[in-house]
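Asks: With chain A's structure known, arrange chains B and C on it following the hints.
Chains as they are written, first to last, in the working numbering: chain A, 1 to 281; chain B, 1 to 314; chain C, 1 to 217.
The reader is advised that the hints may include incorrect statements.
The calculated DSBU-like cross-link candidates involving lysine-lysine, where the alpha carbons are at most 35 Å apart (straight line), are [what the hints assert, rightly or not]:
| hint | chain 1 | residue 1 | chain 2 | residue 2 |
| --- | --- | --- | --- | --- |
| 1 | A | Lys29 | A | Lys115 |
| 2 | A | Lys194 | A | Lys116 |
| 3 | B | Lys94 | B | Lys64 |
| 4 | B | Lys266 | B | Lys167 |
| 5 | B | Lys241 | A | Lys168 |
| 6 | A | Lys194 | A | Lys115 |
| 7 | A | Lys168 | A | Lys115 |
| 8 | B | Lys241 | B | Lys266 |
| 9 | A | Lys33 | A | Lys115 |
| 10 | A | Lys33 | A | Lys194 |
| 11 | B | Lys241 | A | Lys33 |
| 12 | B | Lys94 | A | Lys116 |
| 13 | A | Lys192 | B | Lys241 |
| 14 | B | Lys167 | A | Lys194 |
| 15 | B | Lys211 | A | Lys194 |
| 16 | B | Lys167 | A | Lys168 |
| 17 | B | Lys167 | B | Lys241 |
| 18 | C | Lys5 | B | Lys94 |
| 19 | A | Lys33 | B | Lys266 |
| 20 | B | Lys211 | A | Lys115 |
| 21 | A | Lys194 | A | Lys168 |
| 22 | A | Lys115 | A | Lys192 |
| 23 | A | Lys33 | A | Lys116 |
| 24 | B | Lys167 | B | Lys94 |
| 25 | B | Lys167 | A | Lys192 |
| 26 | B | Lys266 | A | Lys168 |
| 27 | A | Lys192 | A | Lys116 |
| 28 | A | Lys116 | A | Lys168 |
| 29 | A | Lys192 | A | Lys168 |
| 30 | B | Lys94 | A | Lys192 |
No lab work stands behind these hints: they were computed from the structure.
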Amino acid sequence: MMRVRWSDPRLVFLLVAAAIAAALLHPVKQPIKPERAVVQVYDFVQRLPAGSAMLLAVDFDPQAKAELVPITKALLRHCLRRNLRVIGMTFWPQGAALGQSIFSVVAHEPESADKKLGTDYVYLGYKPGDMAQVITNMGENLGQTFRQDYENRPTATMPIFQDVASLKDVDYLVDLAAGGTPDAWVLFGADKYKIPMAVGCTAVIGPDMYVRLNAGQINGLIAGLRGAADYEVLLNRPDLGVGGMFAQSIIHVMIIVLVAAGNLAFFWIARRRGGSTPAHE
Amino acid sequence: MSNASRTDTIIALACAGALVLINAALFAAGALPVRQGGIPDWPQTLVILAGAVMTIAIFSFLYKDNPFFRAAENLFVGLGLGVTLTVVWYNFLKPDVYDLLISPAFDPAVSVQRSDLMLLIPVGLGVMTLLRISRSYGWVSRYPIAFLVGYTAGFSIQPAIHSNILKHVQATVVPTPMHWVAWIGVAVAALLLAATAYFASRGGWAALVLKTLSLSLVGYYVLVRAAPWLSHVPVLAQAFKGLDAIVLMLGVFSVLCYFIFSLEHKGAVGAVSRLGITFLMVSFGASFGYTVMARESLLIGRFQFLLGDWLRLL
Amino acid sequence: MRAIKLTIPLVLALLFGLFGFGIQYVPHPWASDTKEFISLWMRVIGGIAWILGAYGLVHLHVVRIRRSQPGWGYSLFFFAGFLLMAGTGLYNDARWFWNAQVQGAVYHHLYDALFVSTGATMFSLLGFFIASAAVRTFRARSFEATLLLIAAVVVMLGRVPLGQMISNYLPAAAEWIMLVPNTAAKRAIMLGVSLGVIATSLRIIFGLERSYLGGGD
Numbered sequence: 001m002m003r004v005r006w007s008d009p010r011l012v013f014l015l016v017a018a019a020i021a022a023a024l025l026h027p028v029k030q031p032i033k034p035e036r037a038v039v040q041v042y043d044f045v046q047r048l049p050a051g052s053a054m055l056l057a058v059d060f061d062p063q064a065k066a067e068l069v070p071i072t073k074a075l076l077r078h079c080l081r082r083n084l085r086v087i088g089m090t091f092w093p094q095g096a097a098l099g100q101s102i103f104s105v106v107a108h109e110p111e112s113a114d115k116k117l118g119t120d121y122v123y124l125g126y127k128p129g130d131m132a133q134v135i136t137n138m139g140e141n142l143g144q145t146f147r148q149d150y151e152n153r154p155t156a157t158m159p160i161f162q163d164v165a166s167l168k169d170v171d172y173l174v175d176l177a178a179g180g181t182p183d184a185w186v187l188f189g190a191d192k193y194k195i196p197m198a199v200g201c202t203a204v205i206g207p208d209m210y211v212r213l214n215a216g217q218i219n220g221l222i223a224g225l226r227g228a229a230d231y232e233v234l235l236n237r238p239d240l241g242v243g244g245m246f247a248q249s250i251i252h253v254m255i256i257v258l259v260a261a262g263n264l265a266f267f268w269i270a271r272r273r274g275g276s277t278p279a280h281e
Numbered sequence: 001m002s003n004a005s006r007t008d009t010i011i012a013l014a015c016a017g018a019l020v021l022i023n024a025a026l027f028a029a030g031a032l033p034v035r036q037g038g039i040p041d042w043p044q045t046l047v048i049l050a051g052a053v054m055t056i057a058i059f060s061f062l063y064k065d066n067p068f069f070r071a072a073e074n075l076f077v078g079l080g081l082g083v084t085l086t087v088v089w090y091n092f093l094k095p096d097v098y099d100l101l102i103s104p105a106f107d108p109a110v111s112v113q114r115s116d117l118m119l120l121i122p123v124g125l126g127v128m129t130l131l132r133i134s135r136s137y138g139w140v141s142r143y144p145i146a147f148l149v150g151y152t153a154g155f156s157i158q159p160a161i162h163s164n165i166l167k168h169v170q171a172t173v174v175p176t177p178m179h180w181v182a183w184i185g186v187a188v189a190a191l192l193l194a195a196t197a198y199f200a201s202r203g204g205w206a207a208l209v210l211k212t213l214s215l216s217l218v219g220y221y222v223l224v225r226a227a228p229w230l231s232h233v234p235v236l237a238q239a240f241k242g243l244d245a246i247v248l249m250l251g252v253f254s255v256l257c258y259f260i261f262s263l264e265h266k267g268a269v270g271a272v273s274r275l276g277i278t279f280l281m282v283s284f285g286a287s288f289g290y291t292v293m294a295r296e297s298l299l300i301g302r303f304q305f306l307l308g309d310w311l312r313l314l
Numbered sequence: 001m002r003a004i005k006l007t008i009p010l011v012l013a014l015l016f017g018l019f020g021f022g023i024q025y026v027p028h029p030w031a032s033d034t035k036e037f038i039s040l041w042m043r044v045i046g047g048i049a050w051i052l053g054a055y056g057l058v059h060l061h062v063v064r065i066r067r068s069q070p071g072w073g074y075s076l077f078f079f080a081g082f083l084l085m086a087g088t089g090l091y092n093d094a095r096w097f098w099n100a101q102v103q104g105a106v107y108h109h110l111y112d113a114l115f116v117s118t119g120a121t122m123f124s125l126l127g128f129f130i131a132s133a134a135v136r137t138f139r140a141r142s143f144e145a146t147l148l149l150i151a152a153v154v155v156m157l158g159r160v161p162l163g164q165m166i167s168n169y170l171p172a173a174a175e176w177i178m179l180v181p182n183t184a185a186k187r188a189i190m191l192g193v194s195l196g197v198i199a200t201s202l203r204i205i206f207g208l209e210r211s212y213l214g215g216g217d
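Chain A with its partners taken away, still in its complex shape (with noise of 0.2 Å):
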């Protein structure tokens, strides 16, 4: 017979998953106040004049997509709405599929019917390389580091190039970025070559970001799932972001009861020996 006792971190997990599961198929809507770092990404690209350049630096893979391919989707579909000229790459290799996967499907979205290929965005794909090299060599001269897109054609003719050469040229520039590449960005990128620069990441690099914006060496950040839920709520067009906030308030406020809960046995335990705490229960 299994045995399950009270302090099983299984009853813990069927908890979560059992929360997380009636969250979503059940979900409540609640009113989302989107989080100032969020609007000043979206007022930025708001103020930007039809026809600015963004780069979008996909800087992700598979392990992160719940948090940012919300991001990345909400992000993309408002600079095509602006009508911004929308140029991705990626310095994460395994990333480099899932980048492409997310322009084709924003780009063939019913709203985004006119947008073109080569002329409104397009995807460059994996740039290999330490970054602080190709990120100087971008700023030097884009079309030489990226003579192809990532279907492999040619960069050299295409109309969306036409009067961006390097990074100088690039008129705001996001980071979407689930590790360490926001920091190298800044370093040899947006702080050189005086690029106006937001970060979009997971919410464990988050905390970390709010120092840059602090510096003003970034003027917005969208951090984790309520990041993107903000931005979908700026743009009025809600998607997996506004989706997940249901079940993420429900899970927050379960494990904050669940922690009162263990401390409150634990000082209860602590009472009736006397006083002591115990090293471990």
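Replies: Frame of chain A, contents of chains B and C only:
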């Protein structure tokens, strides 16, 4: 076979059977992707079914370590190596070495350019790197490694100084214009916190009252910025901005002080270090909160796939 | 022999380190061409050096199978996954590896079907473990631990819509925590780490740090 392993075997077989039945039911109900004319879209169906099976195999680890999980885990590692090999070939070796140096040998229309012959040097250096695994000739790999590490180290010094140090010191200590109201606030807060620190060790009613007042002051300082009336009093909004800059500067200095382990943390240094620890604890708590948010988001993503794309319940 | 094995590599590290530092201050087009050139060399060396890492992993599993170590059967799954992805990638939908990579090939379908799903699931397992760990070990035993707990709770509630429904002050408090104390602590850590990185880079260039060269003489 022991009772525990018999139970595990029954559970494993039941789960595998359930998985087969569910997939068969989805297939029969036409819930899986189809093309026009009702023909199954095999690539998309494969994506969903294989994804669901692998997801459940990995989630089975939550019950206990089992052969399905171990198999899926090892399969994933193998897949990752295969993906990386494909990426390295098509992005590194083929465009920079094969197309320029080797392909011309098979294509009479293309010849090797003289400038491309220089690539033989990095090819040679790359082969030298492989000698790292040799006990006798491992020292040969030091040459390419010295080139790579030396150049990268030198290249990153200047940007690191500028972007990671100077810019952040500037952001910390550049003065923010402060209204005189803010200075009064700073003076009151400093007096109150100093009095609390002084009386705290002595205990008694004074310590209790001062601690309560200090906590209330800190709470008020943090929470009042959400008050709707604050936007109508711009001087206060500016005052809070200035106070935040002072708190930030205090935080940076106190945390840096904490990390100076060559000084004994006693007296004034000890007090500042303890303040630094306070800032660190708040920061770690915030990082923990964000980490929980991140991991739960990934979990929500997988459940959205299982319930939505696979079971079609969303 | 010591000169060839150690001294010359250290001198090379010094020369290339100084070169890498100095070339950023040269505005001449020659500098830009040289940086591109060195970047190409580093890509080629990196691409070939990758074989080392692959060899290590493959060797581990070959030894496990050859010696019939416990769990050797799982190594067969490793080789199955490796051969499947590498094979379809290099087969390239019958165009083979000496031609440009075909998009939408079987390789890409397998990538979506197996690699993407499995990768996402591997990391999502942490969602369960972090919840379980928080419940079992997060105890307010001291003032610092209580502070950590309170900050975590405020941020966790403030960053979800439910927190905003409970009170407008929660998101404001969460935002303040991220913008002020979190920024202060992380900035101090970043300053310290950056100084350490710069110091280590200088030590590498001047030959005081030699661990990157590996063991032996």
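Asks: I'd like to know which numbered hints this structure contradicts. Please list them from smallest to largest.
Replies: Hints 3, 15, 19, 20, 24, 26 are the ones this structure does not satisfy, whereas the remaining hints hold.
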